[in-house]
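If you read the sequences in order, they're chains A and B. Sequential numbering from 1 applies to the first sequence in the working numbering. Sequential numbering from 1 applies to the second sequence in the working numbering.
Hints listed in this document are in silico derivations from the structure and should not be mistaken for laboratory results. Treat each hint with caution, since some may be false.
The list that follows gives simulated cross-link-like pairs (lysine-lysine, DSSO-like), each with its CA atoms no further than 27 Å apart [claimed, not checked]: (1) Lys145(A) / Lys107(A); (2) Lys83(A) / Lys24(B); (3) Lys134(B) / Lys417(A); (4) Lys530(A) / Lys564(A); (5) Lys145(A) / Lys24(B); (6) Lys530(A) / Lys561(A); (7) Lys83(A) / Lys145(A); (8) Lys15(A) / Lys83(A); (9) Lys66(B) / Lys134(B); (10) Lys107(A) / Lys15(A); (11) Lys152(A) / Lys24(B); (12) Lys530(A) / Lys563(A); (13) Lys77(B) / Lys83(A); (14) Lys152(A) / Lys66(B).
Now the stretches of chain A that chain B is said to cover, found in silico as 3 or more residues with beta-carbon under 8 Å [unchecked claim]: (15) 87-100; (16) 463-471.
Note that the structure is predicted; figures quoted are calculated from it, not measured. C-beta atoms are modelled at their ideal positions from N, C-alpha and C, and glycine is treated no differently.
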Amino acid sequence: MGPIDWWARSRLRTKIFLAFSALVLAVLIATLGFTQLVVSREAQRTLNRELLTTGQLFDGLLVERAARLRTNSILLASDFALKRVIATHFEANYDPATLASAALSYKSRIGAELLWITDETAVLLVTLPGGSHGGQSLAGFSPVKQALETGKAAAAIAEIDGVLFQLVAVPVFGPDVIGFLLLGQAIDDAFAARLRQAAGLNITFLTQDRVFASSWPAQSRDRLVPAPAARAQLLRSQGAQQPLLLTLGGERFLSLVFPIDARLSQPLHALVQGSYDRALAPLRALQWRILIIGSGALLAALLIGIGLAGGITSPVQTLVAGMREVLRGNLRYRSSIERHDELGFLARSFNDMVGGLEEREHIKDTFGRFVSRDVAEAVLSGRVPLEGERRDVTILFQDIRGFTALSEALDPAALLKLLNRFFTEVVAAVEAEGGVVKQFLGDGVMALFGAPQAYTDHPERAVRAALGIVNRLAGLNRELEQQGLATLQIGVGIHTGAVVAGLIGPDNRVEYGVVGDPVNLANRVESLTKEVRATVLVSREISARLGPRFVLGRTAMLPVKGKKQPIEVVEVLGLD
Amino acid sequence: MFVDAPESTITGPPPTATMDQINKTFVPNVLPIAVGTEVRFPNRDQISHHVYSFSRTKTFELPLYKGESAPPVLFDKTGVVKIGCNIHDWMSAVILVLPTPHFAMTDADGRFTLTGLPPGTYTLLAWHEQSREKTADTAQRVEVPANNPELTFHLTLAEARSRPATRGSRWDQ
């Protein structure tokens, strides 16, 4: 069974329920999807902007720090007391310890993390920190190299003992150059951590092969800083200014790389990382909320759906049950649905309709008491043309012989009882063959075959009905004999021919009937039964149309009233 | 321009020279003197100056003073002495302490006249603060008298800028 089939066969209630659920579910999914789309795009855009802003902020911070360092250096280099101390290295009684201690004081005074002092040729006199470098020449070391060449302050980012420093070298004039100051601020984890505090994003200073400093905690750095292979891809992408989405340590990060001008063997970069997943966290929260609200809505919708479906389908089911009742023939059934909507209308219409049916059935029943059910049905169903029609029919007349004597012997009630029993048998026998009892004529009946219900074998049907009456009478007679009563004798005459059939009578008493000579002739044939002492007598027109199974008896040509020519009648004895 | 000569002993009172401070500038910019000369540093400005030198040839300091209250400074070693003012970074001048009293300054066009030399054969040297040539390499011999001989020195000058103090601390480097 395919799903379409299944759907077609599903109950209305299921359909409404499912349609409702599908609608709410679709809205829920659409809402979630749409939210996901819009918010994630917005989150990414915001994060991208933050990354770029952080890069700029960081750039500005470096520049500003360099400027401050430069200002501090120049101020420091202009300090006469310091000049005087530095100048002592020209003297024979030069005392390095004094210079070193003075340098320590100056270093703390300006808050530099590195303070080196060289002589006028860039040979180191004091190294704070970096004791192992004493006596080395910095003539080739940026930024001292530039300061030496230009006689002016110079700045550079360079590595000293594995630590990245922002350095400023400044000549000390006395008034010729008597030495150089090299001041530095470390670009270390602490600096990165400060940047992270300011910008909210993680920053790492790295080259292709080396990580110098990072705001990531040392223990998670291996996980969260891209490995050299990924770094290569990242560093290549720096020109695009387009953040890359990298999954690191199970978390997605948007990563942007900024180049930093530095004197290193490999280009230095600042890597700014923002957690994409964390940026999406509000979205997740929102989605959870939507999901919860949506589920609530779904549940509510389902309950409403169930209620609504029930509200629609339970009266429909009641009507369906009622319809089944009616189909089974219970026309007394009335729907008890009391509503004011379409269903109420439907129920009232149903009741009206069944009421109508019942009334019709009642009429039919009432009709049937006096006329045949077939006639009643034919009239009610409109099968009887109002203008009348010429039909070929068979007419059967039956009469009780010696009825007058019988009516005198029995009291009226017993007589009617007997007659009614007999007529019940007659009607049953006629209707068994599709005929209709058209008229009760005191002690006899007139029956029609072939109208209003048309049969081609109406002569045979009429003869079989006659034989049926005879058989049923035999049973009745046996009962009468047992009660010590006189038995009944009957005569049946049958003839066939064309008659006019239709509704006969004034409007208020109209009834279905046939008129024509064959009717009279059939009556005559019946009256001949007494003369020839036959029970069932048929005209030649009938016997000619009987099959071989009918056992025929005597044949006679007899004169009849109203006919110049005698007619040929045949006695029917029975059926093989 | 000066005559290359072994340092002569000075007898009698030392000669004097003056390095003025006028309008927050040392005047003259270069002051050649013979070794053993006492130089006075009169301050012609209304504000104080703090004249100093960290040069190896002569280290001295005349803390904030006005007028002529600073004592004269005796330059008893030959060499280049770069002086400055502690409170005015832009003020600087050179005192060239020479081994001889026979020297001359060129004018703005580079002309000079050296007078008062006894007859004899001399070696003349040229010195300029921005010279790329070493002073010793400028040596030219001249005989006096020889009809007022004319000598021409060619010096290539470097860009004017601060130089390491030691570089010029000796006139012959």
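Here is what the structure says about each hint:
Between Lys145(A) and Lys107(A) the CA atoms are separated by roughly 22 Å; this keeps the pair inside 27 Å, and the hint holds. Only pairs whose Cα atoms come within 27 Å are accepted, and Lys83(A) paired with Lys24(B) is accepted, the gap being roughly 21 Å. Under the criterion of a C-alpha separation no larger than 27 Å, the hint pairing Lys134(B) with Lys417(A) is inconsistent with the structure, at around 170 Å. For the hint linking Lys530(A) to Lys564(A), the alpha-carbon distance of about 21 Å falls within 27 Å, and the restraint holds.
Only pairs whose Cα atoms come within 27 Å are accepted, and Lys145(A) paired with Lys24(B) is rejected, the gap being roughly 32 Å. For the hint linking Lys530(A) to Lys561(A), the alpha-carbon distance of about 15 Å falls within 27 Å, and the restraint holds. Our distance criterion of 27 Å between C-alpha atoms is met by Lys83(A) and Lys145(A), whose separation comes to about 21 Å. Our distance criterion of 27 Å between C-alpha atoms is broken by Lys15(A) and Lys83(A), whose separation comes to about 96 Å.
A hinted pair counts as satisfied when its Cα atoms are at most 27 Å apart, and Lys66(B) with Lys134(B) does not qualify at roughly 38 Å. Restraint check: the Cα-Cα separation between Lys107(A) and Lys15(A) comes to about 84 Å, which exceeds 27 Å; the hinted pair is violated. Simply put, Lys152(A) and Lys24(B) have alpha-carbon atoms about 23 Å apart, close enough for the 27 Å limit, and the pair holds. At most 27 Å may separate the alpha-carbon atoms for a hinted pair to count; Lys530(A) and Lys563(A) meet this at roughly 18 Å.
With a C-alpha separation of about 22 Å, the suggested pairing of Lys77(B) with Lys83(A) holds against the 27 Å cut-off. Restraint check for Lys152(A) and Lys66(B): the C-alpha separation of about 32 Å exceeds 27 Å, so the hint is violated. Coverage of the stretch 87-100 of chain A by chain B holds. Counting CB-CB distances below 8 Å, 3 residues qualify, and the rule asks for three or more. Chain B is given as covering the stretch 463-471 of chain A, and this is violated because 0 residues of the stretch bring a CB closer than 8 Å to a CB of that chain, at least three being needed.
Violated hints, in rising order: 3, 5, 8, 9, 10, 14 and 16; the structure is consistent with all others.
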